[in-house]
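> Next come the chains, spelled out residue by residue.
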Amino acid sequence: MTEIITLSRARRGQEGRIHAVEAIEDNPADALELERRLLEFGLVEGARVTLIHEGPVGGDPVVLDVEGMRIALRRHEVRGLSLALTGTDAAE
Amino acid sequence: MSDTAITVALVGNPNSGKTALFNALTGSRQKVANYAGVTVERKAGAIKAPDGTPMTVLDLPGTYSLRARSPDEVITRDVVLGRRPEDVPDALVVVADATNLRLVLRLALEIKAVGLPAVMALNMYDIAERQGLRIDLEGLSQSLGMPVVTTVATRKRGLDDLLVAVQGVLASTAARPSTWHEPDVAEIRAAHREASRILSAHVRPPERPDTLTGKIDGVLLHPVAGLLILLALLFVMFQAVFSWAAPGMDAIDLGLGTLGGWVAGIMPDGLLQSLIVDGLIAGVGSVLVFLPQILVLFLFILLLEDFGYMARAAFLMDRIMGGAGLHGRAFIPLLSSFACAIPGVMSARVIDSKRDRLTTIMVAPLMTCSARIPVYTLIIAAFIPRETVWGWVELQGLVMFGLYAAGILSALVVSFVIRKIFWRGAFEPFMMELPAYKMPDPGSVALNLWQRARIFLERAGRIILPLMVVVWALSTFPGPPPGATGPAIDYSFAGMIGRALEPIFAPIGFNWQMVVALVPGMAAREVAVAALGTVYAVADAESAVGTLAGVLSLQWSLATGLAFLAWYVFAPQCVATLGVVKRETNSWKWMWVMVVYMFALAYLAAFVVYRLAVAFGLG
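So the protein lines, in turn, are chains D and F.
Per our numbering: the first sequence ends with 107, consecutive numbering throughout.
Per our numbering: the second sequence ends with 1165, consecutive numbering throughout.
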């Protein structure tokens, strides 16, 4: 069974496919802008994503491997994205 | 630009080697200027196609989408859509990193909707071949509906093919009216699906993917080792800025001193001689002397940027700087400001969000620039005893450290306040791509270094020269009456301003001589040392710091000395910086905000320091 987690809570080494993309911001215009930017960086439904690095303070920001590209972003920017985990890390 | 030449614009993702391709195409025949009304660099170069046809090549700022999100990207969009009358392209070249095609394919689909003849340049094709990446060029070209040419910009390979292909599409296809509009989220998703389809149809994944970047990142982005390496790099950079640049600075000082002496020798004494020697030569010198430091600083920044490290540094620093409301990328401009705020303010362009950039510019002059060092050295020598405290710490060094710390701390506090008051809850995403590591190309680093140096000299020179003349005039006119006993500056406008302002500065312990020295000190901070020398009639104060320090320690109380130090931590005593801030923000308003807040902080700090010192019996 696939476990689905919020991308912003993922730990280093966890990988999976993007399950759903939604941007969460207080202001609806900001949310729409954020969603577009996430999509433009290739964070679309079905994209293979691995969390490869965590920042030195509080594990934030993070570096995601998105289909072979390295994207650095802050955790709160991806709190609306869910990740369908693959591999052994899913049991964590 | 001639109207007959064909204009070709290069468009592509950041880090696609677009600028390298531009440099390879144009060499040294490129012109760097600003787009009118904005602080976005316009890079253009006149070249000839293999058959001799003249062409103009434009290097547009890198972007992931025509949906512009920063001032740089607005320029890219407007030029591509033909909305900037100075640059209407006839054809577009979509520059793609051959090893990283996914995002640029989506951009290429957007470009297609613009309707201009277009060619895709698969750049860094040698790396793709080394990785064993198989790209079906014919199929890719058919799917995209544009010719695809492979290039290796750093080796100047494929350039003629590219230009021939551009001429080919220009001859075979006419521009169609643009059907481009800002894609909504559904259209972006659809474009991604299309890009994925093209990718899986025509590109076979690499047999030997780049594992080096991952390995280097394992060290450089390590939570502990990564930060330590960053700190070590900063330490080396600092050392280099101050030690490598010293011989150059001494040489410039000596050269201009000699030139001044020579001019003074061959010209009759008088106003014109004074204007040229004390105004122009000294004024140019006060800017030029920072050039060696700026060159060393930019050499480091360019090497690290080209290597791919800068985005990593921003990643490591983001949370640390974020506590103060600054973007991770603000780190480089603030670092540069330790040498001089002018390159610091200029390099804030790396921050694409407007608010983060503005905050960075506003706090950059609080970092202790090297022009403050002569002032700090003088006052410390005059008032801080050569003692050791706690057994091993040198008191003078400790005060110097404290002044640096005060600058950094105040920059963090001010940016925090700006964030909380002005841009409460504002939305500024951090998101950026970390490029693959690459060996910097010496030629392109040298070219960029030369461009940075020229821009610095032009900007600073254009501002400082007229200003030095004004400051010179203020300190020279009117001349002293016959039989005057004091130094000439006492009788000048600067002297009058000093005396008039004295009541305002009395509460912070400044006497009128100090206020007089502040007037020429507006030109550049270190000029205040020479000006204090003038008002206290110490000849050649810059080389006779000991003598001047001795005079000051007799004339000022310790409280006054400390208040003067506090003033110099904050005061915007450098009109060249203010001029650059005006240019970079394209607004008088933000320049005045800076002037007011920095003077207010300076006055407040000097007041508190003076009053406390007096209360402790140091007055």
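Keep in mind that the hints are not guaranteed to be accurate.
Calculated cross-link-like contacts (lysine to aspartate or glutamate; reagent style DMTMM-like; alpha-carbon spacing at most 20 angstroms) [what the hints assert, rightly or not]:
1. F/Lys966 to D/Glu40
2. F/Lys761 to D/Asp80
3. F/Lys658 to F/Asp633
Bear in mind the hints are in silico, worked out from the structure with no lab data behind them.
> Check the hint pairing F/Lys966 with D/Glu40 against an upper bound of 20 angstroms on the C-alpha distance.
Holds. F/Lys966 to D/Glu40 sits at ~18 angstroms (cutoff 20 angstroms).
> Between F/Lys658 and F/Asp633, is the straight-line Cα distance small enough, at 20 angstroms or below?
holds, 19 angstroms
> Starting from F/Lys761, check that the Cα of D/Asp80 is at most 20 angstroms away, please.
holds, 14 angstroms
The structure meets every hint from the earlier list without exception.
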